[in-house]
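Generate the whole structure from the sequences, applying the supplied hints.
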Amino acid sequence: MSGSPIRALIKPLASLRLTVALLACSIFLIFAGTWAQIDMGIWTTLGTYFRAFFVWIPFRIFLPRHWDVPGGIPFPGGWVIGGLLMINLVTAHAVRFRYNRKRAGILLIHFGLILLLVGELVTGLKAHESRMSIDEGQTVDFAEDTRSVELVIIDPSDPARDWVVAIPESRLHQGKLIHDTRLPFDVQVEAYFHNAELFEGAQDVATSAATPVANSGFAVELGAHARPRPPSSGVDQDEIDLPAAYVSVLKDGRNLGTYLAALYFTLVPRFGLQDVQVGDKTYRMALRYVRHYKPYSISLLDFKHDRYLGTETPRNFSSHIRLVDPTHNENREVLIYMNNPLRYRGETFYQASFKQGDGGTVLQVVRNPGWLLPYVACTVGALGMMLQFGTHLLRFIRRTRTA
Amino acid sequence: MGSHGLQSILPATATLVLILTGCSQDDIRTYSAPKEAPAAGAPAGEPMPATEATATETVRWELPKGWAERPGEGMRFATLLLEPESNPPLELRVTPLALAARDPLANINRWREQIGLGPIGPADLDRVARSVDIAGRTVHLVDMTGVAHANQPVRRILAAILPGDQQVWFFLVMDEPERIGQYAAAFEAFMRTVRVEHAVVASELPLGHPPLEAGGAGPATDPGSMAGASAPGDNPLHWTTPSGWVESQATNPSRLASMSVVDGAYRAEVTITRFPGAVGGMLANVNRWRGQIGLQPVADLAQQPIEGIEIDGVSAQLLEIHAAGAAQRLLIVLIPREDFTYFVKMTGDEALVAKQHNTFVQFARGIHFDHGAS
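Sequences listed follow chains A and B, in order. Take 1 as the starting number for the first sequence in our numbering and just add one per residue. Take 1 as the starting number for the second sequence in our numbering and just add one per residue.
The set of hints was computed from the structure by calculation and includes no laboratory data. In this text, a Cβ means the ideal position worked out from N, Cα and C, and glycines have one as well. Among these hints, one or two may not hold up.
Said to hold, decoys possible - Computed list of chain A residues with no C-beta within reach of chain B, every gap over 10 Å:
{"#": "1", "residue": "Leu-18"}
{"#": "2", "residue": "Ala-32"}
{"#": "3", "residue": "Gly-105"}
{"#": "4", "residue": "Trp-163"}
{"#": "5", "residue": "Pro-228"}
{"#": "6", "residue": "Asn-316"}
{"#": "7", "residue": "Gln-364"}
{"#": "8", "residue": "Ala-382"}
{"#": "9", "residue": "Thr-400"}
As the list claims (entries may be wrong) - Taking lysine-lysine pairs in the DSSO-like style, the calculated list, with each CA pair at most 30 Å apart, reads:
{"#": "10", "chain 1": "A", "residue 1": "Lys-176", "chain 2": "A", "residue 2": "Lys-304"}
{"#": "11", "chain 1": "A", "residue 1": "Lys-304", "chain 2": "A", "residue 2": "Lys-355"}
{"#": "12", "chain 1": "B", "residue 1": "Lys-355", "chain 2": "A", "residue 2": "Lys-251"}
{"#": "13", "chain 1": "A", "residue 1": "Lys-11", "chain 2": "A", "residue 2": "Lys-102"}
{"#": "14", "chain 1": "A", "residue 1": "Lys-176", "chain 2": "A", "residue 2": "Lys-102"}
{"#": "15", "chain 1": "B", "residue 1": "Lys-65", "chain 2": "A", "residue 2": "Lys-281"}
If you want it as structure tokens, here you go:
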């Protein structure tokens with residue numbers, strides 16, 4: 001293949017210089033991404049810097065914030081650097097390396113690296129994390145994705161089950177009219193704030209004239225208004241973004257009312273869902289975390305927060321749960337504690353947090369089709385290293401004996 | 001590896017990327033789910049949803065001598081009047097927010113902005129706020145004096161941030177520095193009497209239902225008073241439900257009563273709500289109601305006919321809000337009584353509400369109050 005045009009094309013891709021340059025780029029990207037977390041949450045940083053093709057790195061992230069230095073540089077994101085590293089490694093094997101027994105160690109190490117890169121690709125694209133928050137004595141059959149919200153319109157007319165239409169956050173742009181045959185009415189997004197502050201009192205005191213006014217629902221009953229706030233940084237994990245939207249309900253072109261839908265209402269249990277009256281039907285509406293209902297349910301029998309005797313230092317958190325899955329004839333009790341998650345139907349339930357006052361548990365629910373890949377990659381890499389260093393050691397011993 | 005290796009690696013990589021980058025997350029999705037709120041009657045054996053269960057946290061305090069207390073309104077839990085007789089009043093506002101809002105620095109910086117001061121960083125927190133232990137909770141006590149700005153006089157803030165188990169509680173009083181100054185010690189002494197409490201609420205109760213064991217009405221112990229309403233136990237109103245009207249459980253904390261009227265395809269809802277004070281004045285309310293049925297606001301109350309009506313010896317006002325072509329019509333009776341305004345309201349399809357006009361007026365006239373209750 002030495003003279004083939006394909007080979008000529010890919011040869012630069014296999015260059016060792018490119019490897020070094022890409023490794024240097026990834027070191028710089030990690031450095032910048034770490035500094036960026038002062039202002040952005042870890043998940044925003046992950047999405048902006050690492051699970052992105054390109055990123056704009058502002059100079060100010062490396063400097064004291066009050067200097068307020070403008071400008072920045074475009075830089076390849078994690079997808080580009082990781083992708084090129086993989087291509088570099090694969091093409092290097094295709095054009096440069098020779099395959100023989102002596103190189104088996106190196107091959108295994110590289111194969112381990114490729115698996116690691118593929119593992120991150122699979123995790124980045126396919127892994128899904130959510131949270132299940134359960135009070136003691138409560139049964140829950142859904143998990144919430146606390147990184148994204150959706151506007152849900154619920155038709156409660158069926159006495160057995162609710163029918164839910166969920167509009168993702170990505171569709172909630174200011175001024176957008178959402179028309180969809182699955183929705184019982186059209187939804188006009190008057191304003192959307194990714195992070196909002198709710199306040200009481202007269203509208204004109206604290207908001208600009210551009211902010212819409214709700215004339216129906218909770219906002220009217222509570223005298224509440226919303227105004228935008230800057231997104232919360234990831235430094236304090238207790239600080240979260242509280243999105244809010246002003247939405248108008250339109251039926252046959254007629255405006256039936258403007259509502260304020262806010263995540264805040266969902267988080268404070270005394271509010272919950274607000275009613276939307278359309279003709280003779282009452283629908284319910286909420287802006288809430290994206291929910292994923294499960295075909296099984298989990299009841300929290302007991303939550304334990306053990307502390308070291310005489311101190312407030314946590315020793316162990318554990319959730320004693322009952323898993324009921326009629327479709328798989330499952331009905332069993334499970335104890336979930338740190339480093340001992342429950343794995344069930346492709347998902348892993350970790351003990352993640354607990355509710356204030358130890359009254360309930362928060363389980364992290366992770367579905368990651370690639371969860372085994374890093375383990376396999378590390379094992380393969382370790383085997384490769386053992387083989388490589390072992391071969392060298394044997395060769396060295398043999399040489400010293402002959403000498 | 002040669003060309004064979006190369007030819008097999010490249011398509012394999014391309015296929016992997018294509019498989020992984022498949023579907024989009026941006027689509028509207030639909031699903032059927034267990035009943036959300038049990039207002040419509042959750043079927044037996046159906047699992048309860050996790051988050052919309054119980055609102056049990058409240059706060060209690062010992063009211064210092066000479067102070068007065070008013071139930072909250074809107075998002076406010078209660079208002080304490082430090083000088084009940086003076087005008088303008090000196091108000092201490094008690095407001096609960098979701099725990100997510102408990103960061104002292106963010107709140108302090110919001111207050112600083114209100115009194116014309118610049119933001120501070122974490123290092124300066126100790127300068128403006130003091131952490132004290134009150135009944136096992138770390139409370140931030142804040143004392144800040146602002147500067148004159150944008151036609152605003154110099155103001156001083158005394159505030160406390162009390163983290164509860166379900167919510168964070170803010171206590172705030174803001175006024176001229178001289179006026180506030182004399183209360184600095186009393187404020188801290190008052191804060192030391194504040195306790196976070198939990199009422200026992202059965203999770204089967206509908207949203208907004210008052211706790212079963214809410215002993216004694218009043219803002220300090222009754223979570224229902226969050227929105228200025230109260231438990232049915234201290235509902236001072238009595239009425240006779242007209243025939244054809246169906247009374248339902250009031251599912252909102254500010255509601256004293258909720259009824260529905262159905263006539264063929266037409267529907268209307270009757271509610272009685274109670275709010276402290278004058279609730280923004282008549283013009284603001286009229287424009288809010290006009291907005292609810294899609295009408296433009298009016299600049300002058302002369303454009304809105306208001307009829308006098310007597311309810312149990314109290315002078316009340318009757319308004320009918322409608323317009324040619326509007327699909328909905330509103331009938332409202334406002335009853336100002338003692339410290340509260342009661343709203344008796346019928347909202348619904350134009351034809352039905354017009355037809356029910358006399359029944360509604362008769363219903364409103366039949367309302368009477370417990371003597372001595374507000």
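Structure-based check of all given hints:
1. The claim that A/Leu-18 is not at the interface with chain B holds, since no C-beta of that chain comes within 10 Å of its own (minimum 17 Å).
2. In this structure A/Ala-32 is separated from chain B by more than 10 Å, as the shortest Cβ-Cβ distance comes to about 23 Å.
3. Taking the minimum C-beta to C-beta distance to chain B, about 17 Å, the non-interface status of A/Gly-105 holds against the 10 Å cut.
4. For A/Trp-163, the condition that its CB be more than 10 Å from all CB atoms of chain B is violated, with the nearest at approximately 6 Å.
5. Every beta carbon of chain B lies more than 10 Å from that of A/Pro-228, the smallest distance being close to 13 Å; the non-interface claim holds.
6. No Cβ of chain B approaches the Cβ of A/Asn-316 within 10 Å, the least distance being about 21 Å, so the stated non-interface status holds.
7. Annotated as non-interface, A/Gln-364 keeps its C-beta farther than 10 Å from every C-beta of chain B; the closest such distance is 15 Å.
8. No Cβ of chain B comes within 10 Å of the Cβ of A/Ala-382; the nearest lies about 24 Å off, and the non-interface call holds.
9. Consistency note on A/Thr-400: stated as away from chain B, and its beta-carbon is indeed over 10 Å from all of that chain's, at 34 Å minimum.
10. Annotation: proposed proximity of A/Lys-176 to A/Lys-304 is violated, straight-line Cα distance about 47 Å (limit 30 Å).
11. Proximity of A/Lys-304 to A/Lys-355 is assessed by CA-CA distance (about 11 Å); at most 30 Å being required, the pair is judged to hold.
12. Note on B/Lys-355 and A/Lys-251: the hinted pairing holds, with a Cα-Cα distance of about 24 Å set against a maximum of 30 Å.
13. Straight-line distance between C-alpha atoms of A/Lys-11 and A/Lys-102 comes to about 24 Å, which keeps the hinted pair within the 30 Å bound.
14. Restraint check: the Cα-Cα separation between A/Lys-176 and A/Lys-102 comes to about 63 Å, which exceeds 30 Å; the hinted pair is violated.
15. Between B/Lys-65 and A/Lys-281, the direct Cα distance comes to roughly 52 Å. Violation of the 30 Å bound is thereby established for this hinted pair.
Consistency note: the structure conflicts with the earlier hints numbered 4, 10, 14, 15.
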